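**Student:** Here is how the chains run, residue by residue.
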Amino acid sequence: MAFANEHITAYAVEATEFPDLARRYRVTGVPKTVVNDTVEILGALPQDAFIAQALAEVLPPAGEPEQQPKG
Amino acid sequence: MSLLAPAEQEKLREWFNEMTGPVRLLFFTQTIGCEPCVQTKRILDELPALSERIAVEEVNFVLDKDKAAQYAVDRVPAIALLGQNGSGAADRDSRIRFLGTPAGHEFMSLIQAILLVGGAASQLTDASRARLAAVDKPVTMQVFSTPT
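If you read the sequences in order, they're chains A and B. Numbering-wise, the first sequence is residues 275 to 345 according to the numbering used here. Numbering-wise, the second sequence is residues 254 to 401 according to the numbering used here.
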């Protein structure tokens, strides 16, 4: 995702080596994703669901704008 | 002695052959008091031998504070992946970072990131790309994992 958009920076963090970060972000299981220190996603999700959740605060709601009007 | 079995090396060579551009791994490390740095170096040292497109550059985290700040690296071991820029040199920041030893699952994630930055196909769908294109504010994502 970072590679696809220059506004996005991605860190892969080894949780056991950095217990301070694991504590700060309440990492109780893995994978856990934290976006802009506010959005937390625990576990793996399908790609579209992951993007929708991860970017919920920076993007308008998914779906509606892309849908073609019916009729 | 290699950390990787011959069959694993062969598989990685095959994957790296799909790359179309160079990738430089900026490896932030320190010489004292960082056992994971030693392990990370052993892992990264395996990679350039498997592809001429992969280079590893060590950055002294203690002495080269400017570079650490430039790449927003505040702890070690850390790896920043750089890809090809317009002139062909591998100095364009991919904004993909690895913090901690890239072993186990993280090793596979690192390999996938190298392939991506090196021009092998992205795993994003066209729909995902379209969504991501709309992001116009800074976003920092941290993905926590463990080696096993």
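By construction, these hints were calculated from the structure, which means they are not laboratory data. All figures in this text were calculated on a predicted structure; none of them were measured in a lab. No residue lacks a Cβ here, since even glycine has one placed at the ideal position from N, Cα and C. Hints may contain errors.
[Stated by the list, open to error] Facing chain A, according to a computed beta carbon distance under 7 Å, are these residues of chain B, among others: (1) Asn338; (2) Ser340; (3) Asp344; (4) Arg345; (5) Ile349; (6) Phe351; (7) Leu352; (8) Met361; (9) Gln365; (10) Leu368; (11) Val396; (12) Thr401.
**Student:** All hints, please: hold or fail.
**Tutor:** Right, here's what the structure says about each hint:
1. Asn338: Since chain A brings no Cβ nearer than about 13 Å to Asn338/B, farther than 7 Å, the hint is violated.
2. Ser340: 18 Å, violated
3. Asp344: For Asp344/B, the interface hint is violated, since the closest Cβ of chain A sits about 15 Å away, which is over 7 Å.
4. Arg345: Hint on Arg345/B: violated, closest Cβ of chain A at ~10 Å, above 7 Å.
5. Ile349: 5 Å, holds
6. Phe351: Cβ of Phe351/B sits 5 Å from chain A, so the hint holds.
7. Leu352: 5 Å, holds
8. Met361: 11 Å, violated
9. Gln365: 10 Å, violated
10. Leu368: 11 Å, violated
11. Val396: 5 Å, holds
12. Thr401: Constraint on Thr401/B not satisfied, violated at 9 Å.
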